[in-house]
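K.L.:
Those protein sequences? They're chains A and B, same order as listed. Residues in the first sequence are numbered consecutively from 1, following the numbering used here. Residues in the second sequence are numbered consecutively from 1, following the numbering used here.
Calculated directly from the structure, the hints in this document are not laboratory data. Check the hints yourself; a few may be wrong.
Said to hold, decoys possible - Covered by chain B, according to a simulated footprint, are these stretches of chain A (three or more residues, beta-carbon under 8 Å):
1) 169 to 179
2) 477 to 487
3) 541 to 553
All C-beta atoms, glycine included, are put in the ideal place defined by N, C-alpha and C.
Number of protein chains: 2
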Amino acid sequence: MAGSEAFEQAVHTVQFLSADAVQRANSGHPGTPMALAGITVELFTRWLRYQPNDPAWPNRDRFILSCGHASMLLYSVLHLAGYDVSLDDIKAFRQWNSKTPGHPEYGHTPGVETTTGPLGQGVGNAVGIALSSKLSAERVRDAEGPLFDYRVFALASDGDLMEGVAAESASIAGHLGLSNLVVIYDDNRITIDGSTDITFTEDVGKRFESYGWFVQRADGHDPESVRAALTACVAEQGRPSLIIARTHIGIGAPTKQDTPDAHGAPLGEEEIRGAKRAAGWPEDETFRIPSGAREPFSAHTERERAGYDAWQKRRAALTGDALAAYQALIERPAPNAEQLLTELLTGLSKEPDATRSIAAKVQNALAARLPALVGGSADLAGSCKTTLKGAGDVAPGAFSGRNLHFGIREHGMGAVMNGLALSGFIPYGSTFLIFSDYMRPSIRLSALMEQQAIYVFTHDSVLLGEDGPTHQPIEQLWALRLIPNLHVFRPANAAECAAAWAHAAARTQGPTALVLSRQKLPALPEPAGFNPTQILNGAYPVVEAESADYCLIASGSEVGVALEAARLLGERGKVARVVSAPCLELFEQQPEAVQQRVLRGAVRVSLEAGRTPPWRRWVGDTGRTLGLDRFGASAPDQVLAEQLGLTAAHVVRELLG
Amino acid sequence: MAGSEAFEQAVHTVQFLSADAVQRANSGHPGTPMALAGITVELFTRWLRYQPNDPAWPNRDRFILSCGHASMLLYSVLHLAGYDVSLDDIKAFRQWNSKTPGHPEYGHTPGVETTTGPLGQGVGNAVGIALSSKLSAERVRDAEGPLFDYRVFALASDGDLMEGVAAESASIAGHLGLSNLVVIYDDNRITIDGSTDITFTEDVGKRFESYGWFVQRADGHDPESVRAALTACVAEQGRPSLIIARTHIGIGAPTKQDTPDAHGAPLGEEEIRGAKRAAGWPEDETFRIPSGAREPFSAHTERERAGYDAWQKRRAALTGDALAAYQALIERPAPNAEQLLTELLTGLSKEPDATRSIAAKVQNALAARLPALVGGSADLAGSCKTTLKGAGDVAPGAFSGRNLHFGIREHGMGAVMNGLALSGFIPYGSTFLIFSDYMRPSIRLSALMEQQAIYVFTHDSVLLGEDGPTHQPIEQLWALRLIPNLHVFRPANAAECAAAWAHAAARTQGPTALVLSRQKLPALPEPAGFNPTQILNGAYPVVEAESADYCLIASGSEVGVALEAARLLGERGKVARVVSAPCLELFEQQPEAVQQRVLRGAVRVSLEAGRTPPWRRWVGDTGRTLGLDRFGASAPDQVLAEQLGLTAAHVVRELLG
């Protein structure tokens with residue numbers, strides 16, 4: 001079969017596999033897979049460097065489907081390309097436990113590089129992965145040069161580009177000059193609510209040029225045009241590229257092409273027949289895969305095979321520092337949290353300090369042990385204290401450093417972090433706790449994808465003081481704790497800061513948020529027999545007592561208040577135990593008997609400078625929940641503590657009247 | 001005093017009042033007030049139409065300080081302009097209960113038009129207010145023309161323009177051609193972490209041109225240059241305007257000008273002295289206000305007086321439809337929720353349906369009674385069903401309609417909604433519940449500002465089905481319930497949908513989120529003596545029983561499951577009451593005796609398709625919390641209900657084994 005004929009056959013196969021699968025599932029998005037089939041087949045048969053039998057090859061090019069609703073496009077192409085996605089898998093599109101869920105899910109399907117669906121996130125992930133490639137290139141080299149030079153090709157919809165998270169990420173990519181990134185914009189002029197004219201009339205190309213991108217235009221249905229644009233973009237050495245590809249949603253569908261009806265619902269049997277007929281496809285057949293449809297893919301991966309083999313040889317020949325650098329990114333064993341904690345505690349001062357400051361020291365000590373740790377701040381490096389000392393800045397043309405400048409772009413930071421985590425690095429990102437709200441969709445995706453992203457959130461309560469209620473977290477702590485698979489660690493002293501970072505470093509199957517104080521916190525006593533590894537149980541006693549009247553449970557800055565309250569209660573003839581609870585997710589994993597032993601005392605009292613109702617789960621019906629269920633206010637922290645009831649005297653008043 | 005001399009004196013007064021106040025508070029941001037004093041004095045003495053003794057004048061021009069950390073700039077100018085902000089207030093900057101909190105707080109200080117601080121939000125609010133002006137102009141007219149033509153002048157920092165929420169809002173403004181909006185960008189080339197070169201190198205002017213804005217440049221310290229740019233922007237008829245004003249942060253400070261040190265901490269006594277000396281200002285005096293400093297302000301408001309008086313005359317002369325239209329925006333009484341509920345129930349079908357569909361009918365019925373209700377969707381109008389039928393679209397040059405198209409820009413939608421709420425309208429905005437995460441910072445600000453914004457979140461659980469975990473809310477319900485002053489209403493049937501909208505319409509002191517199902521829900525029984533106004537208690541029995549073994553408490557789609565579970569329990573010889581709990585915030589306000597009566601039964605069991613731990617507050621130590629503490633999956637809804645334990649049979653298994 002001639003190349004162009006085989007190509008066209010592959011494109012039609014993808015189009016109709018997608019339409020058929022959506023029809024069979026009676027749910028899904030047929031129009032975009034049909035529109036983007038040509039571009040995607042072009043990418044997988046001419047541009048992307050990959051080997052389907054080694055989907056985890058570290059130097060593969062990445063394909064990111066940011067418009068994740070077009071998932072059938074990806075599944076169809078992965079099938080034809082030889083990934084472990086069978087025709088039966090495709091027939092089980094959107095069914096329980098299938099490899100082909102409604103939106104692509106990372107870790108679920110070979111060849112799926114990130115979980116997409118929430119719009120804009122994929123663009124940010126693509127930026128992060130492209131950045132990973134640049135960072136990796138500087139870290140792992142042999143005599144021939146860098147071992148990493150992978151590229152990222154992403155497909156993005158109107159919706160992706162309307163989202164702020166994509167705008168923030170694109171600005172970062174333009175600033176850094178990520179020339180290994182090509183985003184193809186599916187300019188179909190249709191959104192769910194109708195023509196893009198109703199709300200999306202900006203000049204997208206000009207916007208991306210303003211970010212410093214190289215912008216090309218193409219007819220998305222003309223292979224020559226697409227190829228020319230890709231050729232120019234891949235040749236571009238200094239800038240990320242955007243290809244504005246004019247396409248027709250649902251192309252070929254007799255009545256639904258170029259309409260929103262082609263977007264989010266099955267086309268209907270008749271419409272699919274019509275499209276097949278127009279394409280010269282047997283209209284009675286479904287899930288048809290002509291024998292030649294796989295040819296362009298296998299021919300391409302065959303051509304790519306030599307490069308892959310050569311790379312594997314280079315990889316096998318790595319020794320010394322280069323091998324160590326490679327292993328640090330790609331093959332590192334997870335550290336043991338208890339052992340790491342012990343190491344991090346060595347020489348760590350127990351002097352009272354802000355936990356943001358203590359955590360900074362711990363982080364720097366950890367960084368020496370964990371070369372994969374890279375990160376930065378949303379323009380609050382000085383306040384969050386998350387700069388890795390002496391590690392150098394990442395900047396345009398300079399990727400050997402470890403400190404990133406995300407700018408005042410929290411959401412972009414979160415999406416880029418996920419990209420970094422997906423490609424060998426352990427990213428951290430810092431901002432004030434209040435601004436965790438700006439990046440929640442990305443945090444959720446770290447948790448869903450089980451990625452080791454580390455969030456450092458400082459200025460963790462109203463006690464940040466004068467900046468007032470716009471900056472004072474109230475509901476953020478519990479709102480984070482609600483995200484499944486996110487661990488939230490709010491340390492109270494040096495040992496807990498070390499435990500927080502040790503846990504975050506050891507936890508490879510999900511993200512961890514460190515929640516740190518702006519203000520200085522007192523040192524904590526260590527009860528007899530205390531072992532710092534107890535902290536990793538999530539909650540543990542810092543003041544012990546037999547037959548206690550109260551068990552005061554606190555986290556972070558409130559542990560010191562609880563200690564003082566226990567002392568005052570003692571003066572009033574009451575016995576109080578004090579429990580520090582830095583990580584409730586870890587404590588939740590303890591056997592109930594352990595939980596009960598840690599929390600023993602006649603009346604349990606929670607104390608935390610944030611929302612109180614969810615604490616009921618830990619204090620029970622007879623317990624008390626002290627904290628803050630209103631917005632904060634602008635005033636010095638000690639005044640706020642007095643006025644808002646966050647003092648030991650207030651705790652005693654609440655308990656004893 | 002010559003005009004230019006008085007102007008300069010006013011500028012220096014603002015600069016040094018700001019620096020002195022920050023110094024006295026030992027906390028705050030002096031550099032930006034110093035840099036922007038000239039521009040702001042220019043605005044308040046030549047451009048803004050306002051009367052300080054009537055800060056609520058509905059047709060006043062609005063000044064928005066999007067970079068809210070520069071709050072002392074605003075307080076200084078408000079003081080000089082004659083607003084009710086005294087020198088003592090300024091001396092109490094950032095102190096408990098003062099009129100001058102760390103960031104400007106709406107409702108707290110006369111002349112503060114919106115609460116700012118979280119970056120980017122003020123730009124979005126400004127877009128919303130500019131849109132309000134255009135909408136109002138089409139609604140309230142007399143023989144002379146529209147009664148509203150107010151303009152919005154906003155100051156924005158690098159941080160504001162890096163944030164995605166500002167990007168989304170700016171694109172909306174450009175699309176709609178909001179020519180009454182002028183944003184002045186404080187191009188000081190400094191952020192907290194250093195020079196903007198480290199991460200913000202995009203071409204901002206080109207970016208805003210790509211959105212369809214009119215872009216001008218000015219020297220921010222040259223009044224003539226600023227004036228020329230403002231003249232051009234105010235004359236521009238078709239587009240919103242951006243003035244890129246080159247400024248020097250901390251201008252005049254001998255060692256800190258143009259450095260990040262001028263940004264977020266007091267300059268220090270010596271530095272302030274140096275700045276005063278350089279300006280020919282008595283360096284030993286603090287909080288100095290020369291007699292001439294108020295002159296340019298009073299002269300300006302005196303000039304503006306005639307226009308104000310003329311407007312008041314026109315306002316007083318309004319009659320008939322025009323007066324009614326005015327009152328609907330500016331002087332409307334809050335509806336009574338119970339009465340409104342009764343009206344909305346009239347003729348409302350009780351047939352089983354998806355609550356999104358029922359709520360759509362209620363919303364359309366309500367819209368006829370509430371002309372201030374305007375809104376739209378983040379490109380999901382068809383799925384969320386929030387279009388107001390026959391009300392017309394808002395589009396470029398066409399502002400008489402009520403349906404807005406926000407595009408796939410949830411965060412921009414939230415910020416624009418807040419602007420609409422701040423200027424006469426009751427905005428609603430819709431998207432899927434999962435994407436509430438994209439707009440949380442704006443929702444929080446509605447709650448903090450006590451604004452009547454209404455969020456319509458559909459597709460409210462895993463039972464949306466095949467779209468899978470990226471689209472399935474798990475933690476979102478409780479995460480919303482954690483926001484202080486936000487009411488979350490998750491109705492289960494027609495009567496509850498009517499109650500949800502009635503409550504949202506009547507609640508003028510804060511936002512309400514309606515949480516609605518994609519799928520059809522069964523009708524509910526009405527126990528003897530049921531009165532629909534009981535729904536407004538937040539929770540009420542739908543199945544009554546004496547000496548019940550169980551009290552099943554559910555919301556939304558799970559109420560039907562609870563009913564079926566109660567029936568199955570009955571077959572097993574157990575008595576179950578069923579309580580529908582559509583709004584826990586309202587139920588929390590009930591006297592405890594009422595709560596106990598509603599929830600009576602030996603064992604309380606909560607059932608909701610979302611996170612379970614916070615339900616402990618309502619079920620107590622002996623209760624059970626059934627729901628979902630894991631991410632969802634892609635499959636048809638009935639399969640998911642089976643697999644994830646959201647069926648009546650599962651409830652019975654959990655309770656009886």
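K.L.:
Does the region 477 to 487 of chain A contain three or more residues whose Cβ lies closer than 8 Å to a Cβ of chain B?
P.N.:
holds (count 6)
K.L.:
Three or more residues of the region 169 to 179 of chain A near chain B by CB distance under 8 Å?
P.N.:
That given contact holds, which follows from 4 residues of the region 169 to 179 of chain A lying within Cβ reach (below 8 Å) of chain B.
K.L.:
With a Cβ-Cβ cutoff of 8 Å, does the region 541 to 553 of chain A contain at least three residues near chain B?
P.N.:
violated (count 0)
This entry does not satisfy hint 3, going by the numbered hints stated previously; all others are met.
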